[in-house]
Amino acid sequence: MRKAAKRTKRFLRRFWRGLREWCGDAAYESYLRSKASHGASCRTLSQAEFYVEQLNRRYSRPSRCC
Amino acid sequence: MKRILSIFAWLIVAFLGASALGAIAIHRGEPLNAMWFVVAALGCYLVAFRLYSAFVAAKLLALDDTRATPAERHDDGRDFVPTNKWVLFGHHFAAIAGPGPLVGPTLAAQFGYLPGTIWLIAGAAFGGCVQDFVILFCSIRRDGKSLGQMAREEVSERGGFIAQLAVLAIMVILLAVIALVVVNALKSSPWATFTLAMTIPIAILLGLYLRFVRPGRVLEASIMGVALVIFVVVAGQWVADSPYWSHVFTLSGLSLTAAIVIYGYSASALPVWLLLAPRDYLSAFIKAGAIFSLAAGILLVRPQVLMPPLTRFIDGTGPVFAGKIFPFCFITIACGAVSGFHSLISSGTTPKMILREGHARLIGYGAMLLESFVGIMAMVAACAMTPGVYFAINSPPSIVGATSDAGAATISSWGYPLQAHTMTNLAHAVGEITLWNRAGGAPSLAVGMAQIFSNTLGGPRLLSIWYHFAIMFEALFILTVLDAGTRVGRFMVQELGGRIWAPLGRRGWMPGILLSSTVIVAMWGYFLYQGVIDPLGGINSLWPLFGIGNQLLAAVALVVATTILLKMGRLRWIWVTLVPTAALVLVTMTASYQKIFDPNPLIGFLSGADDRAAQMAAGKIAAEKIVETNRLIFNLRLDAAVTAIFAGMVLVLVVEAIFQWYAILSRRGEAVLHESPYVATRWAKDFSGVPHDTVVGDAIGED
Chain S
1 MRKAAKRTKR
11 FLRRFWRGLR
21 EWCGDAAYES
31 YLRSKASHGA
41 SCRTLSQAEF
51 YVEQLNRRYS
61 RPSRCC
Chain X
1 MKRILSIFAW
11 LIVAFLGASA
21 LGAIAIHRGE
31 PLNAMWFVVA
41 ALGCYLVAFR
51 LYSAFVAAKL
61 LALDDTRATP
71 AERHDDGRDF
81 VPTNKWVLFG
91 HHFAAIAGPG
101 PLVGPTLAAQ
111 FGYLPGTIWL
121 IAGAAFGGCV
131 QDFVILFCSI
141 RRDGKSLGQM
151 AREEVSERGG
161 FIAQLAVLAI
171 MVILLAVIAL
181 VVVNALKSSP
191 WATFTLAMTI
201 PIAILLGLYL
211 RFVRPGRVLE
221 ASIMGVALVI
231 FVVVAGQWVA
241 DSPYWSHVFT
251 LSGLSLTAAI
261 VIYGYSASAL
271 PVWLLLAPRD
281 YLSAFIKAGA
291 IFSLAAGILL
301 VRPQVLMPPL
311 TRFIDGTGPV
321 FAGKIFPFCF
331 ITIACGAVSG
341 FHSLISSGTT
351 PKMILREGHA
361 RLIGYGAMLL
371 ESFVGIMAMV
381 AACAMTPGVY
391 FAINSPPSIV
401 GATSDAGAAT
411 ISSWGYPLQA
421 HTMTNLAHAV
431 GEITLWNRAG
441 GAPSLAVGMA
451 QIFSNTLGGP
461 RLLSIWYHFA
471 IMFEALFILT
481 VLDAGTRVGR
491 FMVQELGGRI
501 WAPLGRRGWM
511 PGILLSSTVI
521 VAMWGYFLYQ
531 GVIDPLGGIN
541 SLWPLFGIGN
551 QLLAAVALVV
561 ATTILLKMGR
571 LRWIWVTLVP
581 TAALVLVTMT
591 ASYQKIFDPN
601 PLIGFLSGAD
611 DRAAQMAAGK
621 IAAEKIVETN
631 RLIFNLRLDA
641 AVTAIFAGMV
651 LVLVVEAIFQ
661 WYAILSRRGE
671 AVLHESPYVA
681 TRWAKDFSGV
691 PHDTVVGDAI
701 GED
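Protein sequence lines correspond, in order, to chains S and X.
At position 39 of the first sequence the residue is numbered 39 (my numbering), and the sequence of numbers has no breaks.
At position 296 of the second sequence the residue is numbered 296 (my numbering), and the sequence of numbers has no breaks.
Keep in mind the hints are simulated off the structure, nothing from the lab.
Note that the structure is a prediction, hence the values are computed from the model and not measured.
Heads up, a few of these hints could be off.
[Claimed, not checked] Partial pick of chain S residues on the chain X-facing surface, computed with a CB cut under 8 Å:
{"#": "1", "residue": "Ser41"}
{"#": "2", "residue": "Cys42"}
{"#": "3", "residue": "Thr44"}
{"#": "4", "residue": "Phe50"}
{"#": "5", "residue": "Arg61"}
Even for Gly, the Cβ is constructed at its ideal location relative to N, Cα and C.
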């Protein structure tokens, strides 16, 4: 029983994380992680700056199909 | 032992799929239950994924998980982001699944359920999925390059330019035809018009929230937005019941055309965070919810499919669109079976986010199978309604008659009994003024969906709510494709215009933005206007044009893929891409020829124009209709020219590619492959899903 609860909890945690990644909620966190791991020298964008920059990039190429 | 059990299980799946498909094909007489379609489709998809995609991955592509993908090599947290394969599957599916797999099968249901169902399953397994998968693979091996760039590098400079032009031209037709579907869905419908209009302030509210209050908190903003959208769907009933507001939101086709053109222009020119992006978030959530609900509804209700397997309209005299099964069924159902537009997504964002090459099989091949299943569900929803009702909703008044009595008599004379009051009662039940002559596929699909939903939850009392929820869902994500497409089209115009006059190519230059937005909106706006004033409803001419364009783009993608694979020395298995390429070229060239030159004025654009010109010369056209008829003649000739240009562009590319293939096979030319050099992945031996030391945690790569 406890094992099943643990599995369910793990599944829900993964699902929540996947949902956040899917909809773009976790995009800024990914950006910060990537920046930290690569130690890039350019300035770190604020969350608001990153959000606008990311949208401008995403919607400048085909992102939705027929 | 485990292996024997696995083989046994797959044999059962294959047997179930084949039996159900066989039952669908040979069944005649009593209505068939929708579960046969679900079992047939799922069985075939599972076997296709397990066997054919594995064969393509191993033999044709030789996917290499030891090779670092662009996401690993260029990881910048922006474009190149290593992403969990299931998350990326969701991303990719949300990007490829638009209104096409819902509208196309609904329109093709005029032939009966059989041709469309077989094409959806076989076309996806052997054509569409292969295209998406192979192009994704080619793009991964080229740092996520686009289809146009790959065509330029691997086929020829001219090939790349043609691919770029083809994308722009097809996008114009796509935007026009989907806008026409929205116009036909909202025409004379205050409830639906109000609901959709309200999504604009809701999206702006979300945009402001996401920009200034809680930047980037997409999930919480989307949940609020979805709640508001559901509220306005219900509130639309009050608007429809109010004499004043009902009058305000009852718009004609031309008024809706003007509103959609203004909306498209605004969404293209305004900052993307204000309107376009938040609408896209709303649309993605509602799309996922509606598709999941439709699947659950079909499984719970298990409706009877009332449409016969084949209707009398296989002879080419269909009221929804004219033309025989071959080639018109194959171009009417593009998305859901084979869609060229997917190659733009497969060579766009997805290859830059994929974690390892092996994931391309699930994402490229698997996501397209799921889209095909959406098409099957749309086919079931359309075929679950009485055939008479289906034809009443989808046929133009010039064919069935302008009054409901005349319409019911015409449709009954075709062998599909219909009483005039049936349509009146149905319109009343779904909260519409009328359901007659609502061509475009959206209203009939909404009726089908509403019947399935209301049988699951709420009963007949909620039929009108479910109908308007379905209309809102379709219109919302059609407008999302429209505004995102207009914006991308604007960039394409700027890029092409920049070759003529450099300042136009600067993306941040406001006069350039306004001018290019005007150009792209004027182009699709004109075709939309043409569809709205067309006495046959517009869908009859524009949807085949879009289907031809989309399938031609698929042919372009497969030609590029075949060239790359030949250069890689995969001659033995080249039939995997060559056969669908040849089939698509055959289908689209036949359809193009028939749409231009067929002597039947309902099929051929030129004979349609000549027929009207002859009527005018014979004095059969009333004086007040002369201007309108002249415009129709011009439009038909324009459509013929556009079709010829589509076909011409693709023929040039195919000929260029054939020369390339000959040079490669005869070893007359050097096969130069523009692939990124091999770099071994850091995750190859011990792939634990922790790509960058321990910082990422297990968020990325859990298989």
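Quick rundown of the hints versus the structure:
1. Given the 8 Å rule on beta carbons, the hint for S:Ser41 is violated: about 13 Å separates it from the nearest Cβ of chain X.
2. The interface hint given for S:Cys42 is broken, as the beta carbon of that residue sits about 10 Å from the closest beta carbon of chain X, more than 8 Å.
3. Interface restraint check: S:Thr44 against chain X, minimum CB-CB distance 10 Å, threshold 8 Å, status violated.
4. The beta carbon of S:Phe50 is positioned within 8 Å of a beta carbon in chain X (closest approach about 7 Å), and the interface hint is therefore held.
5. Taking 8 Å as the C-beta contact cut-off toward chain X, the hint placing S:Arg61 at the interface holds, the least distance being around 5 Å.
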